[in-house]
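Colleague: Go ahead and model the full structure; you've got the sequences and the hints to work with.
In case you want the letters, here they are:
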Amino acid sequence: MWVQLEVFLQTLISGVLLGGLYALIGLGMTLILGVMKIINLTHGQLMMVAMYVAYWLFTLFHIDPYVSLLIAPPLLFLLGMFLQKTLINPVLRVESILPHNQVILTVGIGMVLQNLATIFFTSDYKSTPVDYATDAWYLSDYWKDAPFELSLSYPWTVSFLLAVGITTALWFFLAKTDTGKSIRATAQDRDAAALMGVNVGLMRVITFGLGSALVAAAGCLFIPIYYLFPSLGSQFTLIAFVITILGGLGSTMGAILGGLILGVFESMTATYVGMGWAPVGRFAIFVAALVFLPGGVASLLKRKAVTK
Amino acid sequence: MALLTVDKVSMFFGGLAALSNISFSVEQGEILALIGPNGAGKTTLFNVVNGFYKPSRGEVRFKDRTVSGLKPHQICRLGVARTFQVVKPLQRMSVLDNVIASAFLRSRTKAGAERRALEILEFTGLMEDRAMISKGLPLGKRKRLEIARALATEPELILLDESFAGLNPAELDVSIEIIKGIKKKGVTIMIIEHHMKVIMSISDRIVVLNYGQKIAEGTPAEISANPLVVEAYLGEAEGA
Amino acid sequence: MKRFAPLIVLAAMAVLPLLGLSSYVMHLLILVIMWSVSGMAWNLLGGYTGQVSFGHAAFFGLGAYCAGLASFHLNLSAWYGFPLSIPFVAATALVMGLIVLRLRGPYFVLATLALGEIMRITAENLTDLTQGNLGIMIQRTWVEKTGYYYVILGVAALTFWVVKLLAESRWGYYFVAIREDQDAAESLGINTTLYKTIALTVSAVITGFSGAFYMNYMGYIDPQVVFSLGDISILTIMVVMVGGVATYWGPVVGAVIMVLLAEVIRSLPYVGTAYQTLFGVLLIVIIIYLPNGLVGDRQTLARLFKKKGAAV
Chain A
1 MWVQLEVFLQ TLISGVLLGG LYALIGLGMT LILGVMKIIN LTHGQLMMVA
51 MYVAYWLFTL FHIDPYVSLL IAPPLLFLLG MFLQKTLINP VLRVESILPH
101 NQVILTVGIG MVLQNLATIF FTSDYKSTPV DYATDAWYLS DYWKDAPFEL
151 SLSYPWTVSF LLAVGITTAL WFFLAKTDTG KSIRATAQDR DAAALMGVNV
201 GLMRVITFGL GSALVAAAGC LFIPIYYLFP SLGSQFTLIA FVITILGGLG
251 STMGAILGGL ILGVFESMTA TYVGMGWAPV GRFAIFVAAL VFLPGGVASL
301 LKRKAVTK
Chain B
309 MALLTVDKVS MFFGGLAALS NISFSVEQGE ILALIGPNGA GKTTLFNVVN
359 GFYKPSRGEV RFKDRTVSGL KPHQICRLGV ARTFQVVKPL QRMSVLDNVI
409 ASAFLRSRTK AGAERRALEI LEFTGLMEDR AMISKGLPLG KRKRLEIARA
459 LATEPELILL DESFAGLNPA ELDVSIEIIK GIKKKGVTIM IIEHHMKVIM
509 SISDRIVVLN YGQKIAEGTP AEISANPLVV EAYLGEAEGA
Chain C
549 MKRFAPLIVL AAMAVLPLLG LSSYVMHLLI LVIMWSVSGM AWNLLGGYTG
599 QVSFGHAAFF GLGAYCAGLA SFHLNLSAWY GFPLSIPFVA ATALVMGLIV
649 LRLRGPYFVL ATLALGEIMR ITAENLTDLT QGNLGIMIQR TWVEKTGYYY
699 VILGVAALTF WVVKLLAESR WGYYFVAIRE DQDAAESLGI NTTLYKTIAL
749 TVSAVITGFS GAFYMNYMGY IDPQVVFSLG DISILTIMVV MVGGVATYWG
799 PVVGAVIMVL LAEVIRSLPY VGTAYQTLFG VLLIVIIIYL PNGLVGDRQT
849 LARLFKKKGA AV
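Just so you know, the protein sequences line up as chains A, B and C, in that order. Be aware that the first sequence starts at 1, since it is given in this note's numbering, and climbs by one per residue. Be aware that the second sequence starts at 309, since it is given in this note's numbering, and climbs by one per residue. Be aware that the third sequence starts at 549, since it is given in this note's numbering, and climbs by one per residue.
Source of the hints: derived by calculation from the structure; they are not laboratory data. Here the structure is a predicted model, which means the values were calculated and not measured. Just so you know, even glycine gets a beta-carbon here, dropped at the ideal spot from N, CA and C. Hints are not guaranteed to be accurate.
Some but not every residue of chain A turned toward chain C, in silico, with C-beta under 8 Å [what the hints assert, rightly or not]:
(1) N101
(2) V107
(3) I119
(4) F121
(5) M275
(6) F283
Modeller: Okay, structure coming up:
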């Protein structure tokens, strides 16, 4: 019985830690989707770029990935703004039969980023072997007679806590600062925002930059615990989508909850069903959310608020 | 004979009542205007009649048959056509093709649909523009195209949503003539409009909505003398 | 003259193999034609009806596996994959339709993407049925390419004809009406759910044929290849968007460009490894300057060339 509890709790802990990181990935995309209604299929590739930045900073200059949080996100912020201004905005203005050109555009951008990474960095798996990679806190260290063992991996936990910190900072930014409020206004009603003096064009550029910076931060937090290779972008793009849909398009709170739910769900699936089926679980949740809860978790939250 | 009956219809979105207990009928052959300040619920009511929303309470009956709960295309088949406030024709297709697309509802063959479409274009004064790509039409003609598309489905009741908004005086006259022509053909019309002069001149009866409730119903003369109606409109102007 | 263009092209294509082309060139032509089929099928649902599916690999792969498994499990010729795929692909399309056709915009895109990926993962994991990542290998019917060429040319001709017939019929008008404004179409008596389902099912079945052909021609498939998001689903979309959505020739032109350009770039010295980058850049340029594809925006394209001519 204790063994089952231990397995369950450990799986839950892994899930929550993973979920925190996932939330950060999802936040970037949900912001972009909410403000600009753009499906960004290059989200994962941007994360990949950030991870390479962190990798080289570590390998060449021995800069810890957590310190890279101060370097990579700002760089990706600039890259994001550049992409939005030079490539994505022009496409949005153009009149075409199908409005999905922008999605294909992001696919094109993703292809270029991924291929450039392969050319410059080869497709070898890379990692940042930090000293504390295998460190962990053990329950038995603190509770001598514990009936089961639980471990909190050091890098996982630090990454999680930093993710929480960044998410909180983002929340304050969106809720309290003028720019943040302008971004939210643009997401709710672009025309009304413009009429109230919000520079909508600038907000979009900033938002894409912000979304890129967030996913870059997630990259820095991931690299101590994961491998890096050029094509890892696509799976993270997919994860970002699942979280966005699960949480509700454009909802920050939803993305956070969506990330946590997905993290726990994947962890549970991996433990109890089997590693191979975990991606299916991811997609099954995705489709289920689309069909049964199209507004995502956010719509549940709204419903509760209204009935109050 | 009442062609359309709206019977104690209410529409709730979340906690908000967009329509409360609306009841009225549309008589066969008449032009009934639906007026009220912005946000009063007029388009919502159209959406309920047309089938886009199922009323939270009450029902809608067309020719004594309950239609609330049917899908829009089924309601159209039964004889109710509708235009939209924001006109969106098949932009990359010609005016003629636009009307043919609707005419297919009653004609199985392309030849039959085309014949019907040409008749309607003649009727709405768009015959000369029939080969023009609808994207290039000026607003007045686009609104007429919208009406033409609805007419092609051979309705008994046609719901016009702000067909006169944004038209200049010349276009206005043309459209008014078309509406009168539709009435002469025996088609019943329910129209949402803000253009008071137009409403007063062509409507047989008027229903006034405010904040989702029916506040008045009667002939144009009765309505213009009704203090509640005056207040509803003036009140909005003062508040603005 | 213009009316006979398709027949002329078909006749020209039919005599090409008699010119004694190399096996490599024949291979490229076969690929071009196969991608035209996939493109035309997708165009019916995406270009004409406006439902942009990012999961057509589901149907391609299913068609391929119908052919492969017919051989592997039932010891039939893989060509039976063609008729066999019809019920399976149609059923899958109907089920998918129930789930996704009610969704709009980005939701639809993402749902189809997810369903495509679910098919892939399912194929990878149902190893008893599909052999998982080991894939399916069959005995190819011919060694020479000519036979395959004529089969796929036939399929392409049929597809072109079917798409044209549908586009000019009542259904075609309904598809476009749905694309332009679904609510207005519904209000004008068009049963949008029904017609979207029809478009999806026809599009799926033809894509399935493309997949069945692939199995027969290549002789080997596995889930990563035939259910691939990037190499099948997205490539199909690119073929149509580059060539021209909602046009008859768009997918054909797009297939020519995507296949030939990919091969040409891949075989250039030095530049070879960067072919995806160049491809990506090309895609970006076309999306920005010719958003309706080469055929769709051919007037813009003509103007660009005229300007250059005048300057010279």
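Colleague: Honestly, which of those hints from before does the structure not fit?
Modeller: 4 and 5
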